[in-house]
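Chemist: Each chain is listed here by its residues.
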Amino acid sequence: MSWAWLHRLGSPKWFYGRFKAWPKPLFCLACLCLMVAMVWGLAIAPPDYQQGNSFRIIYIHVPAAILAQSCYFAMGMAGVVYLVWQIKMSPIFLQAVAPFGALMAFIALVTGSIWGKPTWGTWWVWDARLTSVLVLLFLYMGVIAVQSALEERSLADKTAAVVSVVGLLNLPIIKYSVEWWNTLHQGATFSITEPPSMPMAMWLPLLFAVIGLYLLSAAVILWRMQTEIMRREARTQWLKQEVLSDGV
Amino acid sequence: MQSYVSLTLSNISIERGERDLCKGLSVVAQFGRLYQIVGENGAGKSSLLKVIAGLLRPVEGEIFLDDKVIGAAMNQWPQDCLYLGHQYGVKRLLTVEENIRCYCPNASRENIHSALAQLDLLPYQNTPVKQLSAGQAKRVALSRLWLSDQAIWLLDEPFSSLDVKGRALLESKLEQQLKRGGLVILTTHQALLRIDAQSIELTL
Amino acid sequence: MTYVSFLRAECHLVWRRKQNMVNSVLFFLLVVVLFPLGIDATPMFLSKAASGIIWCAAALAILTSVESLFKEDYHDGSLEQWLVSGLSVPILVLIKMALHWLFIALPLLLLSPVLSEVLYLPDNSFWPLFMSLMLATPSLFLLGGIGSAVTVSLRQGGVLMLLIVLPLYLPIIIFATSVTKAAQVGLPYDAPLAILGAIFFVSLVVSPLMTAISIKASVN
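Protein chains in written order, with the numbering used here: chain A, 1 to 248; chain B, 1001 to 1204; chain C, 2001 to 2220.
Please keep in mind that the hints were generated in silico from the structure rather than gathered at the bench. A few of these clues could be false.
Said to hold, decoys possible - In silico DSSO-like cross-links for lysine-lysine, where the CA-CA straight-line distance does not exceed 27 Å: (1) Lys-1023(B) with Lys-2216(C); (2) Lys-1130(B) with Lys-2018(C); (3) Lys-2216(C) with Lys-1068(B); (4) Lys-2181(C) with Lys-175(A); (5) Lys-240(A) with Lys-20(A).
Computed from a predicted structure; not experimentally measured.
Let the sequences and hints guide you as you build the complete structure.
Modeler: This is the structure we're talking about:
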């Protein structure tokens, strides 16, 4: 098997040229998907027979929670790639994805607690999922804090990779442990969090929302990566030419 | 001590943070000679030494010992290479002898005794290093030169905080190392008095 | 430098700094004392909360002592010497952590009978608590070591280190306290103990490697 593609992917110059035009169409597509999802989910889909209209927050909450986890997984993998192969692009990706993932985890937490108020009667419940998203947020904040605290770039890259890899290894243990802890304390009283197979009319807009948010994350992360590439490669010749010929 | 002919730096480029420190540096260092890395403050003298010691990865370039590529990692050959950095790893809470025994566990009692005698450290053998002066602590670190027989010495500012007598002592030790066919690469701002040093120029 | 001479020097060092051991034991005791004073001193509450209190205090005490594990080695240039010594840095790291575990965690373990009396821990859950401490405090050291190495070059790395390491401690604390909770209600507790063992082995493999990577990145 040839590893050439991986090495090409590792070169900021190649990456920049290849994906320069991508964020804008991705962003438009994402907006479209999200609009469809929002209109469909908020206005057209039928209200839940138990929760009424309050369930509609699912169209933000669930995609955000999914994204928060996917982003962490991607970040951890980038960390592994950096530690093993020293690919130049992976810390750039890591740096681009961390704040976005943290934001998603934060949104998932906030919407979760807003959702909790009408359904459970409290803003916060020590529910296994909520707790593990909270821990996820802490893990993100750790990575971001390391990146900003260490001034020397190579050191910051390495340590952020180490922290995210260790977090990635821990994530399943954390999830499992929190579930264990929760079931030991109290039975699964909130069966609402395990939605019974949803009707199509509710599920389809959710699918759109998830896809839309994935597209949005791809666009945002690519944008952030481009900015970061420009910052890191500011002294190189190819970037100067690129900027002179095409503008930023 | 192993004997070698030359240590070759081939096309070494070093980057620190955002700055290029040296680009395409090539040097053939002959054993039996002393090389002094010279350059202004911030030119990357210590970084070059770290690259040779294998602590810092160069952006480009390779290092050869005779004809063997050793990558950029002298530290694969600890029996051949002794590196003393700006901070030289002397533990302040340990006594002079405990420090020496940590780094040179195979040195015999007599050898340690004679090295300490030469370095004027004999009265302080069982004194914690934190009670010594900066120059004396430096001598504790330098005692490794007396007690181990690596062929390559990489010394970062070995003369700093030494007094006149200490400098002369160190210089004669360096001379001995050259005589027995060793290689010394060091950074210093002082001119060496007795040894004819080759210089490796680094420019900003 | 050899592994043996390194171990010998580290033993001397730990012994010269024995005040640190006393400090962390005192810190441990003080944190434990805070709970009855701050929440509730009745035996009913305490007997239920005892294992959690002891565990939180132990985790905090270990965290604070592990924080500066490599600080001095970084500032006096010893880390550079580890890297050029030709010895395996993960093993050096492991030796150092094992030694510090002996000096910091063992006193905590020895104090646990006294504390469980003071906190009215039911008799049937003392041994489970002790075993969980035995099995899981090494993991706390191993994971803390990563955080310590990551922040070693920072002057004010303490809070950052806590931020990185505490989330990793959560599963350990959860499983460790569930050992005693299961024992208190008469349930078998070997499953969480086994998981604690598994976490220990995973950290034993991962932590020295990651710590060594961070050390290597920090030195230059």
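Chemist: Between the alpha carbons of Lys-2181(C) and Lys-175(A), is the straight-line distance 27 Å or under?
Modeler: holds, 20 Å
Chemist: Below or equal to 27 Å on CA atoms is what counts here, so check Lys-1130(B) against Lys-2018(C).
Modeler: Satisfied, since the Cα-Cα distance of roughly 17 Å is no more than 27 Å.
Chemist: Are the Cα atoms of Lys-1023(B) and Lys-2216(C) separated by 27 Å or less?
Modeler: Judged against 27 Å, a Cα distance of about 23 Å means the pair holds.
Chemist: Measure nothing beyond the straight line between the CA atoms of Lys-2216(C) and Lys-1068(B); if it is 27 Å or shorter, mark the hint as holding.
Modeler: Holds, at about 25 Å.
Chemist: Lys-240(A) and Lys-20(A): Cα distance at most 27 Å?
Modeler: holds, 15 Å
In summary, this structure violates none of the numbered hints.
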